[in-house]
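Q: Chains as they are written, first to last, in my numbering: chain R, 1 to 173; chain B, 1 to 416; chain V, 1 to 308.
Just so you know, not all the hints are guaranteed correct.
[Stated by the list, open to error] Sample of chain R residues at the chain V side, in silico, Cβ under 10 angstroms:
| id | residue |
| --- | --- |
| 1 | Leu39 |
| 2 | His42 |
| 3 | Ser44 |
| 4 | Ala107 |
| 5 | Gly119 |
| 6 | Ala126 |
| 7 | Thr136 |
| 8 | Met138 |
| 9 | Arg150 |
| 10 | Asn151 |
| 11 | Phe157 |
| 12 | Gly161 |
Just so you know, the hints here were simulated from the structure itself, not pulled from any lab data. Glycine is no exception: its CB is placed at the ideal position from the N, C-alpha and C atoms.
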Amino acid sequence: MGGRKKTLVGMAALMLLTAPLVAQSWAGDGPGSVELGSLANHYSAVTFDHAMHTGVATSCAECHHHTTGASPTDPTCARCHEAGGKSRSVACRDCHSDKRFSAEDLAKIEETPKMYHKGKLGLKGAYHQKCLGCHTTMGGPTGCQDCHTRNDKGDAFFNSGKYAPAPTAKAGH
Amino acid sequence: MNSLKSQGFAPVVSDRKKDGSEWTVKEKIMLGLSPKEYMAVQLRNPFNWVLWAIYAIGLPILVGRFIFGLGWVTHSSYDYPWGLFLGWGLFVMVPLSASGFMMGTTVELFGRKDFKSIERLGLLNGLLGYLFAVVFLQVDLGQPWRLIYPMFVSLGPAAVLFLVAWHVATYLSCQVAELVPAFSEWMGFPKAKKFIKSIVLGLTIAGIILSTLHQGALGALFTYAPGKVHPLWFSSPFQWFHFFVSAVFAGLSMLIVVSTLTKWFMRWRCDENYLNNLSKLTLGLAKGASLALITYLVIKIIGIAHDNDWQYLATGWGGWFMFEMVVGVILPLIVFTMAVRNSNASLARFGAFLAVFGLALNRLNTALITFNWQLYQEIPHWREVVIVITVYATYIVVYRAVLARMPILYTWKETK
Amino acid sequence: MKMLNRRSFLKGGLAGGAAIAAVGTSKQAGAAGQSFGGYPDSMGVLVDLTKCVGCRTCEAACNKEQGLESPDKPFDDLSVFEEKREGGLPRRTTEKAYTVVQKYEVEGREHPLFRKVQCNHCNEPACLTSCFVNAYKKTPEGAVMYDPTVCVGCRTCMIACPFYIPAYSYSSAINPVVKKCIMCYDTRLKFGRPPACVEACPQEVMTFGKRKDLLKLAHQRIGQNPEAYVDHVYGETEVGGTAWMYLSDVPFDKIGYDTHLGDQPIISYVKEFLAIVPMVLTIWPALFTGFYLLSNRKDALKNEDNKS
Numbered sequence: 001m002g003g004r005k006k007t008l009v010g011m012a013a014l015m016l017l018t019a020p021l022v023a024q025s026w027a028g029d030g031p032g033s034v035e036l037g038s039l040a041n042h043y044s045a046v047t048f049d050h051a052m053h054t055g056v057a058t059s060c061a062e063c064h065h066h067t068t069g070a071s072p073t074d075p076t077c078a079r080c081h082e083a084g085g086k087s088r089s090v091a092c093r094d095c096h097s098d099k100r101f102s103a104e105d106l107a108k109i110e111e112t113p114k115m116y117h118k119g120k121l122g123l124k125g126a127y128h129q130k131c132l133g134c135h136t137t138m139g140g141p142t143g144c145q146d147c148h149t150r151n152d153k154g155d156a157f158f159n160s161g162k163y164a165p166a167p168t169a170k171a172g173h
Numbered sequence: 001m002n003s004l005k006s007q008g009f010a011p012v013v014s015d016r017k018k019d020g021s022e023w024t025v026k027e028k029i030m031l032g033l034s035p036k037e038y039m040a041v042q043l044r045n046p047f048n049w050v051l052w053a054i055y056a057i058g059l060p061i062l063v064g065r066f067i068f069g070l071g072w073v074t075h076s077s078y079d080y081p082w083g084l085f086l087g088w089g090l091f092v093m094v095p096l097s098a099s100g101f102m103m104g105t106t107v108e109l110f111g112r113k114d115f116k117s118i119e120r121l122g123l124l125n126g127l128l129g130y131l132f133a134v135v136f137l138q139v140d141l142g143q144p145w146r147l148i149y150p151m152f153v154s155l156g157p158a159a160v161l162f163l164v165a166w167h168v169a170t171y172l173s174c175q176v177a178e179l180v181p182a183f184s185e186w187m188g189f190p191k192a193k194k195f196i197k198s199i200v201l202g203l204t205i206a207g208i209i210l211s212t213l214h215q216g217a218l219g220a221l222f223t224y225a226p227g228k229v230h231p232l233w234f235s236s237p238f239q240w241f242h243f244f245v246s247a248v249f250a251g252l253s254m255l256i257v258v259s260t261l262t263k264w265f266m267r268w269r270c271d272e273n274y275l276n277n278l279s280k281l282t283l284g285l286a287k288g289a290s291l292a293l294i295t296y297l298v299i300k301i302i303g304i305a306h307d308n309d310w311q312y313l314a315t316g317w318g319g320w321f322m323f324e325m326v327v328g329v330i331l332p333l334i335v336f337t338m339a340v341r342n343s344n345a346s347l348a349r350f351g352a353f354l355a356v357f358g359l360a361l362n363r364l365n366t367a368l369i370t371f372n373w374q375l376y377q378e379i380p381h382w383r384e385v386v387i388v389i390t391v392y393a394t395y396i397v398v399y400r401a402v403l404a405r406m407p408i409l410y411t412w413k414e415t416k
Numbered sequence: 001m002k003m004l005n006r007r008s009f010l011k012g013g014l015a016g017g018a019a020i021a022a023v024g025t026s027k028q029a030g031a032a033g034q035s036f037g038g039y040p041d042s043m044g045v046l047v048d049l050t051k052c053v054g055c056r057t058c059e060a061a062c063n064k065e066q067g068l069e070s071p072d073k074p075f076d077d078l079s080v081f082e083e084k085r086e087g088g089l090p091r092r093t094t095e096k097a098y099t100v101v102q103k104y105e106v107e108g109r110e111h112p113l114f115r116k117v118q119c120n121h122c123n124e125p126a127c128l129t130s131c132f133v134n135a136y137k138k139t140p141e142g143a144v145m146y147d148p149t150v151c152v153g154c155r156t157c158m159i160a161c162p163f164y165i166p167a168y169s170y171s172s173a174i175n176p177v178v179k180k181c182i183m184c185y186d187t188r189l190k191f192g193r194p195p196a197c198v199e200a201c202p203q204e205v206m207t208f209g210k211r212k213d214l215l216k217l218a219h220q221r222i223g224q225n226p227e228a229y230v231d232h233v234y235g236e237t238e239v240g241g242t243a244w245m246y247l248s249d250v251p252f253d254k255i256g257y258d259t260h261l262g263d264q265p266i267i268s269y270v271k272e273f274l275a276i277v278p279m280v281l282t283i284w285p286a287l288f289t290g291f292y293l294l295s296n297r298k299d300a301l302k303n304e305d306n307k308s
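Sequences and hints are given; from them, build the entire structure.
A: Here it is as structure tokens:
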């Protein structure tokens, strides 16, 4: 993990912070679409059709927990957040860290012994668990490249595409 | 050579020829034959043809192992990291070489001078067995040139293999020292023999300690894999003891086997004293072996009872275990007992073959056959088998060469 | 630190010692020492198998991070899940892959279960305790490290590992070495960063943190969602505890985990032998010298009889 990779991660984070601001087009209760670029290292950004998903979801809480003010669907969450408890921000990245397991984030957890949501998912995990979880039950697309197209660096990372190993009939004994 | 002797050939038995002149080393190496005669004898022996055939196939493969790596001669198995090289070369060879410390103890410690005529054969069997176990180890080690690392470079003293390494190394030097008298007689260095005589008690006791521990340690190595060896062949509190006690009967039985082979194939080299005493000594060894066998049988049963492994006896593995116990332990025990009762040395020899087979089967079962019993069975690569045969053939060649020359099977006649 | 101190102490003691004496002391120390419970603040990884979707991104990340040979098939090729090694077993870690994902079709489960396999980084590793050149080291951060420069290649560590993890580069004739996951110690863990596979996982199947915190988290997850998990954290106690631990919604024995390993570290099975070593070393010389004197006494008496 050299400095090059770090720079890229940094760039990805920057994209993530700025992209939604420019790409959001508001329609009704929320943005019409959101550009998700947290995996820009290996994939092109995903344009998330927020408007379409608000139509499918029964409640904002399905994705946004309690932050939009709606009652959470999970009774465990409802124990504390029954009243909704609208948050200052409803953006995923404002609660789900894009630096999960970084030294700073781990230290923050360590320094806040009373923190309840210690195991809160990072941004990438939150996206994927939420998206894939729902897509699996609702029959949405679940393949990696169904949502984001892999770029050249991604191909190299997965030894795929033009980086695929030559199919040699390996005679192992 | 046996036929040569019947024609009147007299092998070297002392420093001097019949005419009183001294044998040169070269002549001694040639067994007192002229180079021409020596070559003729070698070519006439059908066993040598077998050996040459083995070397013709085996040597290139052995060389290939060091050029192309272990992956070329084995299945490169991650699940079976130990194959035949250690399964046979270490775990079978070492207990079959326990005769060295057994004979040292019998003669030097317990004062049974009547076993003197077979003591040197026992010591040699021990020395060569260990030496070739190390050779096998060198074939098996990924980086054999680092053999001395556990001694001097990077020490892991809390590991069982560390103990095995140190003990085998020390014990090897111990055994070399114990055989110095035979060598010094043959070479004509009487001083060396005198020195060894003065420390023989220390050497013998060191031999017992080292043998007890490393024979046991070979068993204890498997306690690192408690779930991998089948429970019938594994018992963590008893494993070292099972290995040690079985090494006792195995060493004695191997000595009977080897002495039988010398009686058959190297009679020309044996002197009257050796041949006349052999039947009686064979029975003595058989008696010792049967005591070890009954002990082994009892502790094997205790081991099963202690770990409550009875339910496994009704399985296929249980059948295989019973086969090993009946053919390799109970049968030789009965045969030995009958042999001793009827003073029948031939019967004892048959029992010894069985016991050696039983020991080999036990070690192969523990190290290879029942290892990973819950996964799958691996059949060794054919090149691995060829290498084992080649190295073992070399063991036989060296063994035979030493027996033909040094005073092991005969008593050196001092002329000075 | 306890283990390291014991080991370095032994090394010092060995420096000038004779073989037998040295082995004796070391064995005594080895036998007397209690189990090593693990470093208090060591890191670990909690793997929630219920979350894994089998995308193999972790395998790709490991391959790049550790600079391993290119794979035989691309990392997005999911046909590898159907590959079987000998005995019809799923693929395992190799010299080219320090981590592999296995797929298990479980009866009654809607989707297959994916299981990630890599070194579990035991608290008291069998590989470490079995190594006679001390090539293994458990770092305070929790990683089990391997030093290829001293390894002789006896492969006892592979025999000892209860999880069948270490692989060996048999193909090399000049420098074959053990190949296994080192928890990205030198490039990441040392600097407080998670292993590459953890960071690469899109699903956050793996949680990186202090082992003791992860245990709390694991039990909390089970407690909050008891119908989603079996009530066991694999690795909490197995062979003395491991740095990598697992949550599953399927009983562990159904998805290839050995549930009969017991709670004792592997070295505890060896201790019965280690305990007899000092006894043999001290009792045998006296015992057998005694035997010698006894048997010689007979001879001496006989000689006297003959004289009189």
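Q: Of the numbered hints stated previously, which ones are contradicted by the structure, given in increasing order?
A: Violated: hints 3, 8 and 10.
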